[in-house]
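These protein sequence lines are chains A and B, in that order.
Just so you know, we're using numbering that gives the first Met the number 0 here: the first sequence kicks off at 0 and counts up by one.
Just so you know, we're using numbering that gives the first Met the number 0 here: the second sequence kicks off at 0 and counts up by one.
Think of the hints as simulated: they come from the structure by calculation, not from any bench.
A few of these clues could be false.
If you only want the chain A side, here are some residues facing chain B, beta carbon under 7 Å, derived [said to hold, decoys possible]:
no., residue
1, G607
2, N697
3, G701
4, S760
5, N761
6, F762
Far from chain B, by Cβ distances over 12 Å, these chain A residues were calculated [unchecked claim]:
no., residue
7, T51
8, G85
9, A286
10, A434
11, S501
12, S533
13, N537
14, T587
15, I670
16, I788
17, I800
18, L854
19, Q860
20, N954
21, L1044
All C-beta atoms in this analysis are idealised placements derived from N, C-alpha and C, irrespective of residue type, glycine included.
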Amino acid sequence: MPNFKKKILKGIFTSFFVIVLLFLNMKSSNAQVKTYTGTVVDETGIPMSGVTVKEKNGKMQTVTNKMGQFSIQTLEKTILLFSFTGYNALETLAGISPMSIDLKPIVSSLDDVVVVGYGTQKKRNTTGSIATVKSDQIRQVPITSPEQALQGRSTGVMVMQSNGAPGGASQVQVRGVNSTNAGRNDPLYVIDGIPLFDVLNTNTASGGGASTPSANTGSPLATLNSNDIESMEVLKDASATAIYGSRAANGVVVITTKTGKVGKTKIRLDYYYGVQSIRKKLDMVNATEGMLIRRDALLNTVSDGGFYGRPLLTQAFNPFTMNSSPEYKNIDWQNELFRAAPIQDANISLSGGTDKLRYLISTNFFKQDGIFRNTDFQRISTRVNLDGIISSKLKYGLRFNYSNQTGNNVEDANPFQGNVALALQTEAWNQVFNADGTYWGPTNPVPGNGNLTLWNNRNPVAEADLNIRPTIRNRTNANLFAEYEIIKGLKFKSSFGVDFNSINNRRVQAAFARGPYLIISGPDIPNNTTKVFSYLGNTSNWISEHTLQYNKSFSNHNIDVLLGFSAQQNVTRTLFGLGDGGISPSLTLLGANIAQNLLTSESYGEIGLVSQFIRANYNFKGKYLFSGTVRRDGSSNFGPDNKYGSFPAASIGWRLSDERFMKNVKFIQDIKIRASHGIVGNQNIGSFAFLPRMGASNYSFGNTIVNGFAPNALANRGLRWEENHKTDLAIEFSLFNGKLNGTVEYYRNRSKGLLVPIQVSNFSGFSSITTNFGSIENKGWEFSLNGEIFKSNTFSWNASINLTTVQNTVLDLGTTASGGVQEFFGNALFQHGNIPVNITRAGLPIGSFLGWRSLGVFQSQAETVGYPTRGGILAMPGDAKFADLDKNGVIDDRDREIMGSPFPNFFGGITNDFRFKDFSLNIFANFVMGNEVYNAGRAQTEQFLNGSGTIQNLNFWTPGSNINNPRLTAGAQSAYNRLPSQRFVEDGSFLRIRNITLAYQVPQKYLSKIKFESMRFFVSGSNLFTFTKYQGWDPEVSSNGADVLSGGIDLIGYPVAKTFQFGFNIGF
Amino acid sequence: MKKYILAVFIAGFSIASCNKIIEPKLGDTGQIGSDEFYSNYNGIVQGNIGIYPSVRNTYNGMWFTDLLSDDGESSTGGDQAWADVEINNVDPRSGIIEGVWATAYNGIYRTNTFLGRVPAISGLNINQNIMRDQFIGEALFIRALHYFNLVRLFGDIPLITNELTNLNQLSIARTSKAEVYMQIEKDLLKAIDLLPEVLPNPKLVAPIVGNLGGTEQGRALRGSARTLLGHLYLTTGDFAKAEAALQQVVNSGVYTLNANYSQAFQAIGGIKNSGESIFEAQFNTTALPGAQNSFGSQFGPGDILIGGVANLARNRPTDNTLLESIDLKNTLVQSFQNADNRKAFTVSYNTGSPIRTINRKYYTPTGSQGTNNWVVYRYADVLLMLAEAQQAQGNAAALTNLNVVRSNPRTGLSALVGISGNALRDAIRLERRLELAMEAKRWFDLLRWNTVTEVMQAHARPVKAGSNGLLPIPQAEREKNPLLTQNAGY
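With the sequences and hints as input, model every part of the structure.
The following block contains the structure:
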C-alpha cells in the first residue's frame, strides 16, 4: 500500500508541475478560422439535440443534431454561446475539438429532479418528503463516511458524530428514534439501487468474554468514497419510503453515484490535505494538587471510619514515598495522548463517453490519522460506472465499486479499558517513559503485598501504543442492469447486484505491565500476558430486481405506474477466537503461542426478503397530484404465521400556485401543499425469534468440559415486524422569482408493535418473552428556507437554514401483571456503583435521565443529624444532601426523579455562501438545542482517589466554605456523594461552525490557455468554533453509540477533531 | 418477442428461487429446535448435561444464606441490598432474592423439560437405556435439590413438575410445604432406584468409552440422592427414615473422611471432588464460558487500594473482636476452640487496617473467574446428620458418629465422652456449625432446628418480625403472578 500512496502523491505532484509549466509557457498566437466540433449533454449526460450554438459576437450559428453534436467554423478565441429553452445559457471559449458541453437546467429548486425509490421524479411533482444533499456539500467537510455529510444539511435528519475516532460510526436518526431496540434506529441505506443490510455491525459471538469489538467496525458506509457521490436523498415520510416496505421505518437514504457524460475524456483531480487537532483541552489538576486531593480524600475517609475495609498504608498518602528517586514530570495526559494528525484525500476520476457508452472511473485514496495516539483509518477504493445503449430501446449499465479499508482504533467508553478516558483520569504524577526510554509502568507494588498498588498507576501511552485494534475490511459491490422500452412509455428494467464484504477485526492486549492488579471480572485480567481477540466475518448479499414502468400523458392527465419484484438475500458468516497467555509481545496471532483459555465460536446467519411492490402517480395538469404505494415483503425473520406483510402509503398534493386565482399574485412562483400517510415497517428483529430453540449449556465433570444443551428461548410464533405509522403535512413555496424557497412540514411517526420483553413468571424457565407491544411517538416541525440575499455581477450571497423539532415520547411499554408500568433502564454506570442513569418509561422521551435531587451539601454537623441516609452511611458536613422525595426516612431508589433527556428540542443547520468575483466563501454551521448530556466522566474523576480530574475538582467543600461541591472523600462515602443527580446533568446545546471554506476558482480566460477545464483552490477549517456550555470535551457525545436506551452519556469518548485543510480540484 | 420471453423467464426464475430464501433452516445457523433435539440418544446425553449448569448457578450464590445467619457478615457501607441480607431485612424487591428464585425455577424448568420428553424417546440400545435411566435419576435429584432449597427458604412455593409451554399457564398458586416435601421424597426415591452407586454405571452391559460412559466426577450418585433424602427427612422430623437413608450412605463404603480437613477445598490446597465429596457444583476455567464462580470478588479482603471495583468483602466469618463487628454476639470465630485445626482453614485475616476476616475455604484471588467447586454435600455432613437423627431418637450411636467427625487428627480435638440428651444435641449442633462453617449450611440448620429467631436475636441481628426466618416471595414474581401470596412479616 505505501507504494500505491507514493504513486498517487507522485501523480499529484506531477500534475502540479505540469500546471506550472503550462502557465510559464502561455503565449499569445494569431487568430485563425478553425472548425470546432463537440457534443452538448444535459445534466444526466444525455446528448441534447436542438441546442443553439452561436458566436457571441458574431453571426455564425448552428444547432446540435440528434446525437447532441455540433460543428461550427469560427475564429480562434471566439466565445461560443450555447442556449436551449429551460436551460441556462453557457458561454465558453472555443477550445480543442471535440468540445464537451454540459448544459444545466434552469433551477428553481422545485424543478430539480430527485431520486426516489426505484427511479427519479421531478421535485415539483413529488408528494413525499425528500431531502437532497448534493455532492459539493458532501465534499465540503472532511469526512470518513458519507452519512456524516448529512449533518446539519437537511431537515429531519439528526446526525451525531458521537465517536470522533477515524472511521467511527455516527448515529443517524431520521425524524426521531422509532424503536427501543439498539441498532434498529438507523435508516436503510440504498446505494445505486441496492439496499444494504446492516453489515457486520452487530456480531453474535457466544458469551464468556467473547464479546466482539463492534464499535471498531464503524460506519456501514465507511467503505464508500464520498467523491463518487452525486447526491444523497433522504426519504422521510410514508409516501416516499413505503416502496421499501418493511425496512423503511427509520427512513431511507438513497445514495446515487456519479456517471459519465458523452464527450471527450474528462480528468478530475481532487485533493486535500489537512491537519486535525483536539478541539478543546480541559484544565487538569497538576501532580501536587492531585496528591493533595488524594491525601485529603483518604484522610477524610479514614477519619470517617473506613474505606471499604481496605488498609491504608502510610505510603498511600504520598505516592512519591514509594519511589526511591521521585524524579517525576508533571504530565498533562491530554498532551501525551493527543496529537496533531494529518488527513488527506486524493481522488482521480476519468469520465466521458460516446453516445453508445458512457463511463466514469475513479480511484480514491483517503488516509486519516486520529488525533488520539496510534489511531488511523485508510481507504483505497475504485469505482467503475458504465452506461450503455445497445439500441434506442435497450440500455444497460454497471455500477462497480471495490474498497479496502484498514485502520487501528482504541478502546473507548469503557472505564477499565478506555484509553481515551484515561486522558482525564490518569494521575499527573504518573510517567510516560522511564529514564532508559522504556515505557513507565506500575513497578512498585507494596512490599509484602504483591497485589497491592497504591493508585491507579496506569500508563495510557503504553496502552495506546501497545494495545492495538486493527481492522481490515474489503468490500465489493456490483450492480448490473438493463432497461428495455417495450412500447413507448413502457419500460422493463432488470437488475442484479451483489455486495461482498469481509472484515478482520483484531484486538491485541499486549504483554506488558499494564496497570494496577485489578481483580475484576471480564476478559482483561491477565497482566503481563498477551491476549488476542480475532474476528473474521464476511457477508454476501445478492439482490435481483425487476420493474415495469409505464409513463403516459394524455391531454392533461399524467400517469406514472411502477410495478416491481425484488428478491434479496444476505448471508453472514463469522469466526471468532480469543486466547491469552502469550508472553512475547511480538507473538500476537492466535495459536500455540497464545493458547490459554482458547475460545472460538462460529456463526452463520441469513436474511431473505421477497417482495412485490406497486406505485402509481397521477397528476392532473401538474396541479392535482396523487400517489399511492404498496409493498408486500416476505421476510425470513418471521414465522409461518407472519411471513408476509404489506405496507401501504398514499399521498396527495395541490399546486395552489397553478390555480387561476393565484396567477395575479406576482411574488409567488410556486406553492404546493402536500399530505401523506402510510405504514412502513422494521423487520430487523433477528432470525428465528419465533422458534423454540436449544442453546449450548456446558458443564464440566471433574475438570473435563462437557457439552450440554438447554432451552434458550421461548417461542413466540406470532412475532412480527415493528410498524411505523407516518403522517406528513407540508407546504413548499418558491417566491420572488425563485429567490426564496422553502418548506414547512409537520410530521408524526407512531411506532406500534415494538419488540419489547414482557415479563413472565420464571416458571416458564425465563423471566421475559419478546413480544410486539410497545409504542413510541415522534412528532415535530421541519422548516427550511433558502434564498438569494444579494446578487450582482461580482458579488452574491446565498443563505439557507433548516430547523427540525423532535418530540419523542414513549407511549406504551407494556405493563406488569399487577398493572405496574414497565420501564427499561439503560446501561449501569460503573461511575455510580453500577446504577443506571437512563430510564425509558411511558410518557417520557426514550432514555430520559433519572437521579436523586441534590440539595447541595451538608454545611454543618447539626444539619446531618436525623437526616435520611442511604445504606446506613452516615453523612458528614460536606457530604452531598439528597432529597427524600417519598419521605420514607431513607434515601432509596424511589427518591429518584427525572432530570432531563438526551433529546434536543430542535436541531438544524445554517449555510452562507458568498461569492466575490472568482472567490467564494462558504460558512456552514449546525446546531442542537435543548438536549442534556450526562457527564459521567466528571462523576468518575470526582472519586478523588486518582488525584486527577479537571481543576473543578479543586473547588470542593471545606468547613465554612459554603461551596456546594462535596468534600474530598473516597470509597463508599464518595460513591454516595456521586450518586446520579442533576449535578452531572449538563446542557448539551451547541452551535458549531462546522466548516468555513474559502475557495478561488481560476477564471476561464486563464484556464482555456492552459487547456484546463476547471481549477479551484481552497482552504477550509472544520469545527473551528463551538459555542456550548458543556464542560466536557464535546457536547456531541453519546458513549453508548446506537443504544438509545443509554443515550446522552459522556463516558469520555473519543472527541471530534478540528481540522485545517487545503486542497484543489482540477478538471482537464 | 424474444425479449419478452427473456423478461418473463428472468422474473419467473427469481420467484421460483425465492421462496427458499425466506424459509431458512434453523440448523444452518448452528442452532437446534427443541423438538428435533429431544429425538435421540444424543439429545438425552446433552439435555442432561444442560441441566447441571443450574446447580452451578445456584451454588455460586448460595453463600448468601451464611450472610443471613450468625456466621457471616458483610463490609459496612456500599450496597444496600447486601446490607439488607446481613441484617435480615430483605426487601421483597431485592434482586438477590429474585435471582435465587429465578435460578432455581430455571433449573426446575430444565429438569421438567428433560423429564417430560426423554422417556418418550425410542430406538435406544440396552446400554443407552441404562444410561437414560441414570440420567433421569440425575434430573430427579437436581429437581429435588432445587425444590428443597426453595421450600426451606421461602416456605410454600408453586410446585411445577411438567414443562410449561403455554404462557397462559404461568399463574400458579403456592403449594403447601408438606406437598412439596412429598414431591421431593417421591423424586428422590425414584432417583435412588435409578442412580448407580458409583461410576461408571455398574449396570452397563458393555463399557462405554468416553464421556458418555458416565465416569465423570460431579454427577449425582445414589449416595447423593440418599444424602438429600436423609436431609429431607431430618427437616420434616422423620428421624427414623433419616437415619436409615443416611446409614445407607455410610454403609455404601463409597465415601470416607479426608485425612486433611483442607482437602475438600481447593482454596486451601484441596482438590475438586475429594473422597469426602458427595455432591459438588463444578466450576471451571475461562475455557468454559460462564463456568467460573465469583467467590474471589465477593469474599475478598478488599485490600486493594484503587478507586475502582475490587473485592467486595462480603460474607466474611463473623468475629466480634474486630472493631466494626463489636456489636455482634456468638460470632463464628469465637465459637472455635483455639486447638481446633479447622479454625485456621475457615478464617484468615488481611494484613491491612482495619483488620477483617476472610472466608478462607472459598476465597481465591481470582476475581469473578474462580474455578474452585462449591461443596453441596460431603461425608462429614452425612455423619453429623446421621448423629442428629440418631440423637433425636435416643440412639447412642449418635455420639460415636459425632466423634468420627470431631475427634481425629484433622481437627486436633479430643473425643467427647459421656454426654447425652440436650447436651449431646447441642454438641452436635455446635459441631455442625464449626465443621461446616461458611458452607451455606448454617441458615438452613437454624431454620430446621426452629431456633433461627432466638439465635439471631442473641447474635444481635434479629430476623424480620413475624417472618420466622422465611424470605419474602420476590415482588417481581408476584406482579407477574397475582396468585402468589406474600409471606408473613413482609
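Going down the list of hints, with the structure as the test:
{"no.": "1", "hint": "G607", "in the structure": "holds, 3 Å"}
{"no.": "2", "hint": "N697", "in the structure": "holds, 6 Å"}
{"no.": "3", "hint": "G701", "in the structure": "holds, 4 Å"}
{"no.": "4", "hint": "S760", "in the structure": "holds, 4 Å"}
{"no.": "5", "hint": "N761", "in the structure": "holds, 4 Å"}
{"no.": "6", "hint": "F762", "in the structure": "holds, 6 Å"}
{"no.": "7", "hint": "T51", "in the structure": "holds, 38 Å"}
{"no.": "8", "hint": "G85", "in the structure": "holds, 34 Å"}
{"no.": "9", "hint": "A286", "in the structure": "holds, 17 Å"}
{"no.": "10", "hint": "A434", "in the structure": "holds, 26 Å"}
{"no.": "11", "hint": "S501", "in the structure": "holds, 19 Å"}
{"no.": "12", "hint": "S533", "in the structure": "holds, 16 Å"}
{"no.": "13", "hint": "N537", "in the structure": "holds, 15 Å"}
{"no.": "14", "hint": "T587", "in the structure": "holds, 19 Å"}
{"no.": "15", "hint": "I670", "in the structure": "holds, 42 Å"}
{"no.": "16", "hint": "I788", "in the structure": "holds, 52 Å"}
{"no.": "17", "hint": "I800", "in the structure": "holds, 45 Å"}
{"no.": "18", "hint": "L854", "in the structure": "holds, 20 Å"}
{"no.": "19", "hint": "Q860", "in the structure": "holds, 19 Å"}
{"no.": "20", "hint": "N954", "in the structure": "holds, 19 Å"}
{"no.": "21", "hint": "L1044", "in the structure": "holds, 19 Å"}
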